[in-house]
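Kindly produce the complete structure, drawing on both the sequences and the hints.
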Amino acid sequence: MAKASARHILVDTETKCAELKQQIENGADFAEVAKQHSNCPSGKKGGELGTFGRGQMVPEFDEVVFSAPIGGVQGPVKTQFGYHLLEVTERG
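Here full-length UniProt numbering is used: the first residue of the sequence shown is 1, the next is one more, and so on.
Derived by calculation from the structure, the hints in this document are not laboratory data. Every clue listed holds true.
Pair ranges (Cβ atoms, derived): (1) 12 <-> 92: 25 to 35 Å; (2) 78 <-> 23: 15 to 25 Å; (3) 1 <-> 26: 33 to 43 Å.
Cβ atoms here follow ideal geometry from the backbone N, Cα and C, with glycine treated the same way.
Written out as structure tokens, the structure is:
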């Protein structure tokens, strides 16, 4: 079964998500941005979600995590929970 590791930042609006993505692309540390802004409990750990298999996350999340390049910041990705920035850290 395919497995991936990722981290994410969850916010309420697409605008906020895009602003945070710009900060990261301009050099801000993903983990620090997650700690400061993410609405998900994983934010306290820099957005780390650990390792998971295909189908364990919501479909929109899954699709990005199992297709995006490793290390790039993807998003905004809309799910039932809000808007996410995703970074795939490992896949195998």
